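Fit chain to chain and form the complex, with the hints in mind.
Heads up: the protein sequence lines correspond to chains X and D, in order. Just so you know, we're using my numbering here: the first sequence kicks off at 11 and counts up by one. Just so you know, we're using my numbering here: the second sequence kicks off at 368 and counts up by one.
Treat the hints as calculated values from the structure; they're not laboratory data. Keep in mind the model is a prediction, meaning the values are calculated, not measured. Note that the Cβ used here is the ideal one computed from N, Cα and C, for glycine as well. Treat each hint with caution, since some may be false.
So, partial list: chain D residues that the calculated Cβ filter (under 8 Å) puts toward chain X [as the list claims (entries may be wrong)]:
no., residue
1, M368
2, A380
3, P416
4, D417
5, V424
6, V425
7, V428
8, K440
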Amino acid sequence: MTRTARILLFALAGPGLAAVLVIGFTGLPAFGDYHGVYGAVVTGVELSERHATDYVTALNFDLRAFDTLGEEFILFASVTGVVLLLRASSGEHQGSRDDLGAHGHLGASEALRATALLLVAILVALGGYVVLHGALTPGGGFQGGVVLAAGPVAVIVAGRYLAVRELLPAWALEALDAAGAAGYALLGLAGLVLASVYLKNFLALGIPDHLLSAGFMPLNSIAVGLEVTGGFLLVFTEFLDQALLIERSGAG
Amino acid sequence: MTAVQAAALALVALNGTAVALVADPLRQALLLGVYGLSLTVMFFSFQAPDVALSEIVVSTVGLPLVILAALRKIGEQDRKREREEDEP
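With the rest of the complex left out, here is chain D (with noise of 0.2 Å):
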């Protein structure tokens, strides 16, 4: 193993933690892209091309738009259960 695969590895494992650690979702979210690049790097630096594309593609276009969508749909919903909470 080299030092780059090595500290790859570790990135991983490191951003896969965080991921797992912050509790707000939009925080996780975004930090969801810093763990697929860091999937990225590790898959690259294994010698998988193919799938370091499908990694980054995934991690930055195909799951932040669709989490964030859904975030602001949960939040609307809640911010207007509240108003009609504080209406009556």
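The following block holds chain X by itself, in its conformation from the complex (with noise of 0.2 Å):
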């Protein structure tokens, strides 16, 4: 298409794209007009229902986590794909990775090694913290998990990935991965089993602001966070793996 053929056509698409938008945005309710039935029904009886004091975690985890249990998978079939599509092929060559370890510290300053290094403690205790109190305070599973996974991020940033590896094996991660989304289906089926629903409350619901209360939603929390870090390292250290160690073979 030459250039004055795409102007005309813009020309005449863009008014009524505008005029579309136009009638659409003077429709909108006002700012703050919020008429949803089942958001005020839900918010109000998360607390007297289910003890839970954060009620988006009370919402993914009870009384909509069926959703959740759809999200966990696709999660899971997301890191699955991406394993499978960046492990070395038969095309590629996959470096050793004592080439690697005589790079050191990969040109990580002393600066960036002393900050990883204090982060790393501090992360992981934010992301336990945040898993745990899903049911209590803003955050759960999933914004948890990704805080955990990102203390080991901060010893790649300090430039140690082999000591990661080492510590983290592919087989360690896929099992986490696995371990989290199994572990929440299988808190369904406890749920089929003692309280006759796939995935409703089983376990006393305990007092609010407690740590252990919200019935079975701690648990919930944490099979998603073992997930969600199991997956998002998985998929971090396979970019890295293609990034730092294999190579294509002959000309690609």
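So this is what it looks like as structure tokens:
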């Protein structure tokens, strides 16, 4: 398509799009004007019915726990797909990790290494906190899981990628990812056995605001946290393997 | 709408435009992190701390590492190709 034809097409289509947008935006409700009946009901019952103070977690891990099961397996399938695509294939050759060891800290400065060292402990503690307090304060399995995964990432940023690979080999990360996904599905089965409905709460609700409250939500949160930590680290290490170790043999 | 919310929205618009306008992918990846941070502030100012937390972990931990690793791989392949073209 020539430049003039493109401009002509835009001259015709542009005003039409603008008109539709203007009509659409003028029909929007006023700022902050909320009409969701479901939202009002849900935020009204979560504290009294589920003893959870973070309504978003209570929604994700209890009232609509089945949706979260689907999301869990979307993540699981995505991670599996990334791993399948990025592993060294027949046309590629995986370099020895000893070559990488000769680089020492891979160019990380003293200041970066000191900062990363300080960050590791903080990130792991914060991640564990966010996972365990999912039903009490903002956050939950997903957010805490990514923060937990950020701990090893800080070590990688400090140039010790091989140390992370030795400490967390691929099979361990795969096991973590799978255990989290399976754990969530099994918690659902436990609900089926103990409360006769899949993913229904089967534990005592406890006292609101206490660490062990909100029924099985903390367990759901831990399962999701494990899966997210394993899945993110698996994706990161596969990407870094491709970037640092794997070379395409022959003309690609 | 409060002043903080208006400022957060303006910041999101500004940073989003900046990400789209920068041509170099490496700079773009860094700006994307800043954009994620402004989105986090925006979500937080609209009283959605859960979404804000998700946004900050994805935009500071999840995305940059994957993008930077991919950029390094692409750059390496380009350099290798250039070397091969120069040699014969």
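May I ask you to test the interface hint for A380/D with respect to chain X, counting a Cβ-Cβ separation under 8 Å as satisfied? This hint is violated: A380/D lies away from chain X, its Cβ roughly 15 Å from the closest one there, beyond 8 Å.
Given D417/D as an interface hint, is its Cβ closer than 8 Å to any Cβ of chain X? At 4 Å from the nearest chain X Cβ, D417/D passes the 8 Å test, so the hint holds.
Regarding the hint that V424/D lies at the interface with chain X, is the smallest CB-CB distance below 8 Å? Holds, because the Cβ-Cβ distance from V424/D to chain X comes to roughly 4 Å (cut-off 8 Å).
Using 8 Å as the Cβ threshold, decide whether P416/D counts as touching chain X. Holds - the Cβ of P416/D comes within 8 Å of chain X, reaching about 4 Å at its closest.
Under 8 Å is the threshold here; is the Cβ of V425/D close enough to any Cβ of chain X for the hint to stand? holds (7 Å)
Can we keep the M368/D interface hint, with Cβ of chain X closer than 8 Å? Holds, about 6 Å.
Interface hint outcome for K440/D [beta carbon to chain X under 8 Å]: holds (5 Å)
Just to be careful: measuring from the Cβ of V428/D to every Cβ in chain X, is the smallest value less than 8 Å? Hint holds; V428/D Cβ to chain X Cβ min 5 Å, cut 8 Å.
Violated hint for the displayed structure: number 2, the only one.
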